[in-house]
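**Q** Given only the sequences and the hints, what does the whole structure look like? Please build it.
2 protein chains.
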Amino acid sequence: MLFAGVAELVDAPDSKSGSGNRVRVRVSLPAPTRNPRTYLKYCSQCGRPVQQRIPPGDNLLRYVCDACSTIHYQNPRMVVGCVVEKAGQILLCKRDIEPRHGFWTVPAGFMENGETLEQGAARETREEALAEVRMGALFAVVNVVHAHQVHLMFKAALEGDAFGAGHETSEAAMFEEGDIPWDEIAFPSVEFALQRYLEDRRRGETRLHVTEVARRLTRR
Amino acid sequence: MLFAGVAELVDAPDSKSGSGNRVRVRVSLPAPTRNPRTYLKYCSQCGRPVQQRIPPGDNLLRYVCDACSTIHYQNPRMVVGCVVEKAGQILLCKRDIEPRHGFWTVPAGFMENGETLEQGAARETREEALAEVRMGALFAVVNVVHAHQVHLMFKAALEGDAFGAGHETSEAAMFEEGDIPWDEIAFPSVEFALQRYLEDRRRGETRLHVTEVARRLTRR
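If you're matching them up, the sequences are chains U and V in order. Note that the numbering used here gives residue 56 to position 56 of the first sequence, counting from 1, and the numbers run on in steps of one. Note that the numbering used here gives residue 1108 to position 108 of the second sequence, counting from 1, and the numbers run on in steps of one.
Just so you know, these hints were derived from the structure itself, not from any lab. Where is the CB? At the ideal position from N, CA and C, for every residue including glycine. Treat the hints with care, as some may be off.
[What the hints assert, rightly or not] Computed far set for chain U versus chain V, every beta-carbon distance over 10 Å: (1) H101; (2) R134; (3) V141; (4) A172; (5) R202.
[What the hints assert, rightly or not] Here's a subset of chain V near chain U, in silico, CB distances under 8 Å, partners left out: (6) R1053; (7) G1057; (8) F1110; (9) V1150; (10) L1208.
**A** Right, here's the structure in full:
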């Protein structure tokens, strides 16, 4: 049998109230789960409790383990996606998961270890929209500071005609520019990418747009 | 007294060989520390051992905790930096830390939670080169797949004349293009950024360059 977490020694053989080799232990139940991205309670390397403090030579609060000296750095993540076009129409996916269930997005998701930005964006398009794409230029970079994310959006062209609803999508559809459901777009970064994409298309340009979005985007 | 890690119950009151309320525990010592970015042994939320498996609905191997159901996702990190110019010269820093101790780099480092890409690049320049800069365009994006990193490099102009060696730097200096120590550049992504920066400067262009570098860059 294995106890996990922290076992507190209540009574030990060498303590005054102990008798013989009697040992009593109290095992803590695990705490309710919070966001494991931002909240750490135990060291992933040795399992002991971590503390928050500024390590020597650093200037930011980190989770540190005093038992094995591991510093648990936390850094922003990348979300990679595509604005997919075919015959002038744009591919959008209706989200079948939280957050923003039921709202429309371009195919996008967290970049994984072992892939490039482009490969990640193409993979997300395959997973969410069941679509194969020819990747184009990186054209939008959105700092989503409050969420500890950077969103990176590529131009892409649909290869063939096939697309559909992947397992995080309830509906995938091609939209003419005038039919894009602006009031039902899931995230400010998606709205920003779509707007810049369409503006650049009208102008015949490919530019890099870098911005920062707040928790709520002011309506155009 | 607190035990950390895993306490194994060797003998318990209700076991056949037990006597009275005698309990013996064996506490595992922590494992030697490996890279906590890629190797997890315990759950950061409840402290119990994690396993590697593909969660339902996923297609990648993750560290998961069967006790509290936390999935510990691991994703690439961003390194942000600047090519800093003043009067045609480029600011380089000689590294006073591993990896690549003693080699030259542009100011760059891991992006932190709570900042934009630009803010991170400016902060690294302040920390490593004691320099204030006016940020310019994002011009180089380098996928460093084997290291689970994406390096994002900005143009920047030195504000004022002050610069110096920060605490991770043994020497900071301004270089004419012809004096850049190409054989002593710390990382392929830095070499890529410097080359593209200088090429674009000769052409009077600002473009976005996206590439992928292998563990060793082939010499030009």
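**Q** Hint by hint, say whether it matches the structure.
**A** Evaluation of the provided hints:
no.: 1; hint: H101; in the structure: holds, 15 Å
no.: 2; hint: R134; in the structure: holds, 15 Å
no.: 3; hint: V141; in the structure: violated, 7 Å
no.: 4; hint: A172; in the structure: holds, 18 Å
no.: 5; hint: R202; in the structure: holds, 21 Å
no.: 6; hint: R1053; in the structure: violated, 16 Å
no.: 7; hint: G1057; in the structure: holds, 6 Å
no.: 8; hint: F1110; in the structure: holds, 6 Å
no.: 9; hint: V1150; in the structure: holds, 6 Å
no.: 10; hint: L1208; in the structure: holds, 5 Å
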